[in-house]
Structure formats: structure tokens, C-alpha cells
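There are 2 protein chains.
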Amino acid sequence: MSTIRFLEPHAGVLAKREQIVSGLARLVPDDCLVTEERELVPFETDAFTAYRRVPLAVVLPETTEQVSAVMKYCSEQGVPVVPRGAGTSLAGGAIPQEDAVVIGISKMSCILDVDFANRTARVQAGVTNLRISDEVSADGFFYAPDPSSQLACTIAGNIGMNSGGAHCLKYGVTTNNLLGVKMVLQDGTIIELGGKHLDSGGYDLLGLICGSEGQFGIITEATVRLLAKPEGARPVLFGFDSSEVAGACVADIIAEGIIPVAIEFMDKEAIDICEAFAHAGYPMDVEALLIVEVEGSDDEMDAMLRKIIAIAKTHNVKRVKESQSAMEAAAIWKGRKSAFGATGRVADYICMDGTVPLGQLSHVLSETSKIIDRFGLRVANVFHAGDGNMHPLILYDVNDPVEAEKAEAAGMEILKLCVDAGGCLTGEHGVGIEKRDLMLHQFTETDLNQQMRVRAAFDPAWLMNPSKVFPLEMKMREAV
Amino acid sequence: MSTIRFLEPHAGVLAKREQIVSGLARLVPDDCLVTEERELVPFETDAFTAYRRVPLAVVLPETTEQVSAVMKYCSEQGVPVVPRGAGTSLAGGAIPQEDAVVIGISKMSCILDVDFANRTARVQAGVTNLRISDEVSADGFFYAPDPSSQLACTIAGNIGMNSGGAHCLKYGVTTNNLLGVKMVLQDGTIIELGGKHLDSGGYDLLGLICGSEGQFGIITEATVRLLAKPEGARPVLFGFDSSEVAGACVADIIAEGIIPVAIEFMDKEAIDICEAFAHAGYPMDVEALLIVEVEGSDDEMDAMLRKIIAIAKTHNVKRVKESQSAMEAAAIWKGRKSAFGATGRVADYICMDGTVPLGQLSHVLSETSKIIDRFGLRVANVFHAGDGNMHPLILYDVNDPVEAEKAEAAGMEILKLCVDAGGCLTGEHGVGIEKRDLMLHQFTETDLNQQMRVRAAFDPAWLMNPSKVFPLEMKMREAV
Numbered sequence: 000m001s002t003i004r005f006l007e008p009h010a011g012v013l014a015k016r017e018q019i020v021s022g023l024a025r026l027v028p029d030d031c032l033v034t035e036e037r038e039l040v041p042f043e044t045d046a047f048t049a050y051r052r053v054p055l056a057v058v059l060p061e062t063t064e065q066v067s068a069v070m071k072y073c074s075e076q077g078v079p080v081v082p083r084g085a086g087t088s089l090a091g092g093a094i095p096q097e098d099a100v101v102i103g104i105s106k107m108s109c110i111l112d113v114d115f116a117n118r119t120a121r122v123q124a125g126v127t128n129l130r131i132s133d134e135v136s137a138d139g140f141f142y143a144p145d146p147s148s149q150l151a152c153t154i155a156g157n158i159g160m161n162s163g164g165a166h167c168l169k170y171g172v173t174t175n176n177l178l179g180v181k182m183v184l185q186d187g188t189i190i191e192l193g194g195k196h197l198d199s200g201g202y203d204l205l206g207l208i209c210g211s212e213g214q215f216g217i218i219t220e221a222t223v224r225l226l227a228k229p230e231g232a233r234p235v236l237f238g239f240d241s242s243e244v245a246g247a248c249v250a251d252i253i254a255e256g257i258i259p260v261a262i263e264f265m266d267k268e269a270i271d272i273c274e275a276f277a278h279a280g281y282p283m284d285v286e287a288l289l290i291v292e293v294e295g296s297d298d299e300m301d302a303m304l305r306k307i308i309a310i311a312k313t314h315n316v317k318r319v320k321e322s323q324s325a326m327e328a329a330a331i332w333k334g335r336k337s338a339f340g341a342t343g344r345v346a347d348y349i350c351m352d353g354t355v356p357l358g359q360l361s362h363v364l365s366e367t368s369k370i371i372d373r374f375g376l377r378v379a380n381v382f383h384a385g386d387g388n389m390h391p392l393i394l395y396d397v398n399d400p401v402e403a404e405k406a407e408a409a410g411m412e413i414l415k416l417c418v419d420a421g422g423c424l425t426g427e428h429g430v431g432i433e434k435r436d437l438m439l440h441q442f443t444e445t446d447l448n449q450q451m452r453v454r455a456a457f458d459p460a461w462l463m464n465p466s467k468v469f470p471l472e473m474k475m476r477e478a479v
Numbered sequence: 000m001s002t003i004r005f006l007e008p009h010a011g012v013l014a015k016r017e018q019i020v021s022g023l024a025r026l027v028p029d030d031c032l033v034t035e036e037r038e039l040v041p042f043e044t045d046a047f048t049a050y051r052r053v054p055l056a057v058v059l060p061e062t063t064e065q066v067s068a069v070m071k072y073c074s075e076q077g078v079p080v081v082p083r084g085a086g087t088s089l090a091g092g093a094i095p096q097e098d099a100v101v102i103g104i105s106k107m108s109c110i111l112d113v114d115f116a117n118r119t120a121r122v123q124a125g126v127t128n129l130r131i132s133d134e135v136s137a138d139g140f141f142y143a144p145d146p147s148s149q150l151a152c153t154i155a156g157n158i159g160m161n162s163g164g165a166h167c168l169k170y171g172v173t174t175n176n177l178l179g180v181k182m183v184l185q186d187g188t189i190i191e192l193g194g195k196h197l198d199s200g201g202y203d204l205l206g207l208i209c210g211s212e213g214q215f216g217i218i219t220e221a222t223v224r225l226l227a228k229p230e231g232a233r234p235v236l237f238g239f240d241s242s243e244v245a246g247a248c249v250a251d252i253i254a255e256g257i258i259p260v261a262i263e264f265m266d267k268e269a270i271d272i273c274e275a276f277a278h279a280g281y282p283m284d285v286e287a288l289l290i291v292e293v294e295g296s297d298d299e300m301d302a303m304l305r306k307i308i309a310i311a312k313t314h315n316v317k318r319v320k321e322s323q324s325a326m327e328a329a330a331i332w333k334g335r336k337s338a339f340g341a342t343g344r345v346a347d348y349i350c351m352d353g354t355v356p357l358g359q360l361s362h363v364l365s366e367t368s369k370i371i372d373r374f375g376l377r378v379a380n381v382f383h384a385g386d387g388n389m390h391p392l393i394l395y396d397v398n399d400p401v402e403a404e405k406a407e408a409a410g411m412e413i414l415k416l417c418v419d420a421g422g423c424l425t426g427e428h429g430v431g432i433e434k435r436d437l438m439l440h441q442f443t444e445t446d447l448n449q450q451m452r453v454r455a456a457f458d459p460a461w462l463m464n465p466s467k468v469f470p471l472e473m474k475m476r477e478a479v
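From first to last, the protein sequence lines are chains X and D.
Residue numbers 0 to 479, in numbering that gives the first Met the number 0, belong to the letters of the first sequence in order.
Residue numbers 0 to 479, in numbering that gives the first Met the number 0, belong to the letters of the second sequence in order.
Heads up, a few of these hints could be off.
Pairs of lysine-lysine, DSBU-like flavour, derived with a Cα cap of 30 Å [said to hold, decoys possible]:
no., chain 1, residue 1, chain 2, residue 2
1, D, K169, X, K169
2, D, K306, X, K169
3, X, K320, D, K228
4, X, K267, X, K369
Because the hints were derived from the structure by calculation, they are not lab data.
Note that the coordinates shown come from a computational prediction; the quantities given were computed from them, not determined experimentally.
Between the sequences and the hints, there should be enough to build the whole structure, so can you do that?
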């Protein structure tokens, strides 16, 4: 991998490290402050593990007031701040830099209030995604966004990256399921946005916060929407002779106006890897697989499936297999949701996250495989096809620097391909460090300058998660 | 009504009126510029007709480039700009001021591209809301947000106010159905946000634009989501003995996790007025009416209705009446959608737009009627109950200044009541002029200062729709 670059560290901050650590120690209890080198190491990277830097210190506050005190102090001292949820970012969103204080919200993990009448839950922002659904499941409800990392990732991180998941085709991503937040601004001010209602007058700052990658403040509480669980749900497998045909079938299903809960795609490489891991009963004699999940009453599911099968037949579908039991359904999803982990067992990989208009799925799949061939690499495609959110996993050997560089170059070409096809750089993983240089492929300088002006309205001194999202050159040029 | 107040007009702008008009004349064709006093009068107000001011000039451009040229010129000359769609704002969002140039997008009303494969339509921003559904209806699609003014209101206005409508309970409001915009910034820069995809990396400026009440730029094109029409739809009437009981029934339906397409509420006053106008077959022997619309296959609708009727019975529902034909269904909706117009035939009124958490519906309805009684006025309640978006129409005589002032004071009390119940000032009409002074009841000064900083990132000179949304005092204090 090419060497990681950050904005130049603040020399003044590095010079007064001891003083800053003492200052922080006055603001939070002892067990909320990490300053020993060996204890800082776990915070040096996130799930984008190719890059790492040890931060100046880590604070793990227990209350919003503590977050506020720490932010105010860092603001006064000119210390950069890197917010951290569970550290599951695939784009390097939580990777620190050596002059930064990491503020992690993992200790703030209580469910504060569940209100079934209004179908909302208020939670501390360090609660894990799956915990919310677990809490309300017995009463027949769930929280919809379901990233594959949902067992570990926090709501704060979900909000920072506007996370999606397999079932977001029907239910929308985080921004569609978030009603309010309590957050701490860079100067320590505590603000509340939204609430239990849908729209609060004034600008939609809540929507702006969602997906702002930790650059507008630290979220400490969130109010989210709960949905009623469907009467039933049934995943069905459709096997095809080629990826392009499977892609065309997805486009036709959506064009017909049918919205299943999920349409997930796997190519041959992904099927092999996931089946070996999860024994999900995936058909092995096909080149591409769609997992289509329908839900509702039995009648509804039957009606929707009839339409989908009719469309699949026009694409010469080779295998159609309905899950016959709850256990079979669980295995099908286990295979899909563990795709990244299962891939990690057979090879190192980087995961791209481009999106494309559905009409372009076939074209982009076939061009992707040409790019991969040209670099002499392997790819496993496993992604949210229904909303055009591709996840090519580019396989390589992390100990072979030449191959690593090829993988990175191929990934960048694939993301440019997505943008050129009318899509965009990231569906749900965020820009982080990984894609910041490609932002100029997606946006004009004019667009990015406007985004930077909005950022400055929250963080004029550019101290929040400073080396992320924007091309470093643009920021450095401005600083001159 | 109390006298309208605006930010102090720019004396320099008023002094060089002739020069500004000549400058504008060089930028657009003759028939795109309105400068004669008598031709300016139609632009002096919008649907919030109590207040009016004649603007300096009106420009009705035909292209994005013309909008850009006019904006650049106004920016250079320091001239305030007031964007205008169809002028249907109920909150005074399009009311001009005497030193402002109104830029109306009514001439830009073409549908540019319909893409069924990706279920999107790209339109010029002056197209009317209903036009889009009309265009795609034969192919089985529709555009979901449906404000009562949908025959007249433009997509640009819908985006500015983040408009909703009766069917938004299921389908979401404008922000949930908007994929991209082309817009012109205050300095004339043309930017594009979003596209055919869902999330583009970087901050969610598209979401921020939606509901920004014309203060961030002028929208000239929009890409919106198309949805497949349901197999069938059936409105059903439920009559109750009191408003409070009907409100409690709504809360129970939603708490059960059932999401019909629409749950509309009418009290006795509204029923009488609407039935006299539309002959919709509303029951006349009840105190409150719910219009609940379900959709899907016949089986689905039957199943959902069974559940809803069971809940209604626990609230001693007095009448249940299913529409028996498409004509009957149309009449039911005609009655509801013409509620404002029908009310206008019997009295002058102002329409409030507060929202409340559903669990508070009964409480707020009963407190509302106490407030109205205290002022010796009459009220007709007709609103989107399913998403807690109340529309009390306060009836009064516009020629009686004492009564007019009472109506305004009662309205303000009702909005404060909504906020205090955990709701907010506006569900879909926007803040505009009407509610700007109440913003300090909903938000803290800290919150509003942050919103003003974000605004300044788009319009540092405060020239876009300048007297709206924020309490005038906050802006004036800052200017000192």
C-alpha cells in the first residue's frame, strides 16, 4: 500500500503532550483515559487495517457532559479530535493521527427509553446496532438498518457513515430511520437536533449530520425509529449462468416496481467462499446468485414471488430455491452476512463500495472483471444489488507489496468506473481516508469548496477528524 | 393582523432601481422581466395573503444559465433575491420585500427525462407536482408526495418547504423522494447535488437543501424517485363520538405497527364544511372522522382492514364505511383535499401546521379546543393524523381587526402547545414569515446560531430570502 498521508501534525500540540494529558485527566475519571503507549495500540487503526497511527491519547467518556468538557478543552488547546464508535470503519474513518485525541463513545451504551406508542427508541450513541432490535424484538419491533457488522458497530458510527445494510432496499438507510440526536460541537456546546417528530422547521441539520463522518461533532445520544416486524419473511435463491444476466434481472425486477426487502448478489467466487464457511445450501453450479427476500403474509409473499420468478425466467434462471424453514433462512443470511469475514479466511482483500444506477449493473460488472483481469488479480462480488450498491472484494496478498499496490490501483479504477456510469464513490462505507483523493473525480472543486464552507460552519479551526473526506491538497492549499 | 416587518431595505438598492432594472434587462429576454407596478402586483404575496409587499422587479428565466446570470448580477449589486415557485406557500415563504428581485421558475416546466429502469424522473423545477404523476401514470408509476395544492405547486417549492401530503405516512415527504438537484448559488455558481443514486459521499447537502426555504440557492432541475402504483387502494371512513377518542385510535393503530397509506382526521366543523362542498358521503352524526386508506391486493387490504377495524372497535367506533367504487373513493379524497378551499368559502381562516408525537394527539386536540374557546373563536381540524401533523384552521373575519388579532394569538398558542408536547412548529408548510418569531420557542439561541452559520456558508451577504425563517431580532443584533 502507498504510505499513509495526514495533514501535518500540529508541532505545538506534540510539544505539550504531557500538559494535554494532565488537562484531560482533570476532566474524566481515571479509567476513562488511555495514555500508555501499549494501551493506545488497539486504537491505532480500524477495519481499514492497512494504515495505522498511534494517537496522542484516548478518552472514553461516560456522559455527554464529559464529552463536552473534553471537546471544550481540545478546542482551547488546538488539539485535533478523532471520534470513534466501534472502530469497524472500512474506509479508515476512525484512524487517528499522532497529534489527535481519540474520543470513543463505547462506554455510553445504555438504551434510555423505548416508546412503542410513537415507535421510537432513545439510546446512548455507543449502543450497538443489533442491541436495539434485540431490545424490542419480543414486542414485535426492530430497527431497520442492518450493516453486516451490526453485532459490533455503534449507532454513533452508523450515523457518521449513514450506514446501510441488506434490508435497506425497502427500509432505507440510517438517515431514513434517525429522528434526533444529542451532539457535542467542537467548542463543547451541546445541541439537540430533531426529536420524536419527523421535521422540525429550520434547516435539516439532522440530515446533514448523518453521513458527516465525525467532522461536525460527537453524537452522544440518538432517537431512532422502530418498525413493526413483518408477519413472515422468506429468502429465495436465484442462480444464473452469468453475472451480467443476474444484473439485468435485478434491473428488471426494480423497473417493474417490485420492492422486495432485499436483493443481494454473489458471483461464483463469493458463492464458493461463503458456502464453504456457512453451508447455506447455495447452488454451486451457477455463475451468479441472487438472494431475494420477500416479506408479509403468506399470500403477499406468494404473489410477489410469482412476479419475481416470472421475470427471472425471462433471464433463463437456472436454479430457484425457496428456504423451507427458519433455520434454512438463517443459514442463507449467515452466508451472506459473513461474506467479508469468510473472504478474510482465504485471502487478504480490500472492499470497494461504489454505487451505480441499476440499468448499469451488467455493464459495470463486466467492466469490473476486465479491470481485475488486466491487473492479474481475483475479485469476489457480493453486494446489495437492489439499490445498486456494489461491493467488489479485491483479493491480494498483503505481504506482497507489488500485488498490494495493484489491488489499490484496481480498486480506484473500479470506483471511477462507478462514478462514470452515473453512480458514486460510496454507498455506505464512507469516504474516510480511503476515497478522499477520488472525491475530485465525483465532485468539482466548486462542489467541494461549498462542502468545506459548510464544514467550517461547524469546525472553523478544522480540528474534527481533520485528514478525512477531502483531498489533502485542497485543505493544504487553503491553509497557505 | 399585526403589521408585517422585514429587515430594513437596502437604501442603496432602492436608490439605483432604474439601473438594476436595466442591468436585468440585458440578461434575459423581454418577456422574462416584469417591472411595471401593475404587473408586479400579482407577485406581492403568496397563499399567506394577510401580508403583501411589491418587489423591485420579477424575473422569470427560461434556463439555468439565465438564473445564474441574474443571481450573479444581484450578488454583485447587493440586491436581495426572493425565489418563487407557484406562490402557494401558506407560511409567507414567497412574499417579497420592496428591495428584492423575485426569481420565479414557472417558465421552466419541462419533464426532461423519465427512466423507468431506474424509476427516476428528471424535471425542470417549475413543473407542477401533479404533472409528474400524470406523465408516468399510464406506465403504472407515480410521484409520492401529494400536497393538497399539488395541481398548482411546483417541485422547486416542494423542495424548498420539504412538502408532504396525505399519503406521506407511508411514502415519506419530499426529502425521501428526491434524488438530485441542479441549483444556482447566490453568486451565480451552478452546482449539482445527488443524481440517480442514493448517497454520493461527502456531506448530505441534498438533504440540507431540502426544506431550506429558498435561502441556499435557486433549484432549477430535480431528479425524483418514481414509485409503482399499488394494485388497488381503498379509503375507509371511521366515525367517532369525540375528537379525543379518534386521536387515541390513531395512536393505537400506529403503535400496533400498522402503516396504512394515509390516516386523515376531520372534526365536526371540518366534516360539515367539506361535505357541503364535495358531497363525499361523510357521516354527519359523528364528532370526528378518520379517513384510513389501505392499499395492495384485495387480500392484503382485507387483512389490514380487519386489524384496523378491530382496533377501532375498542374505541367504540360509531360508523365504518368502505368506499364501494372508484367514484366514491375519489369523492372521499376530493372532500379532504379541498378542505382549505371549502373552508375559505365559509370564513377567513389561518392554518396552523404543528406536529405532535402520536401519543399526544388526544391531549393536544382537547387543549386546542380550550384555547379556541378562550379566544371565542371557531376551529376546523383537518389533518394528517397518521404522522401527527395537525392543521387547525382557525376561522375569523378578516375585516374585523380585533378578531384577526385574536386568531393570530390563538394560532401562536396552539403552535407552542405542539412544541411543548414534544412536537414542532411545522410539518410541511415551512417557517417562512409566519413562524419565524416562534423559532426561539422550538430552538435555543445556540441552535439557531448554528443554523445561521450554516446559512452563511451558502449566502454570506444574507441576500437570499432574507426576512424569513429566523427571528428578525437575531439577525439585526448580529448586524450591529
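Check your understanding: Within 30 Å, alpha carbon to alpha carbon, are K267/X and K369/X?
Key -> Holds: K267/X and K369/X sit about 16 Å apart, inside 30 Å.
Review point. Within a Cα-Cα threshold of 30 Å, do K306/D and K169/X meet the stated pairing?
Key: holds (23 Å)
Review point. Does the alpha-carbon distance linking K320/X and K228/D stay inside the 30 Å limit?
Key: holds (29 Å)
Point to revise | 30 Å Cα cutoff - pair K169/D, K169/X | key: holds (12 Å)
The earlier numbered hints are all upheld by this structure, with none contradicted.
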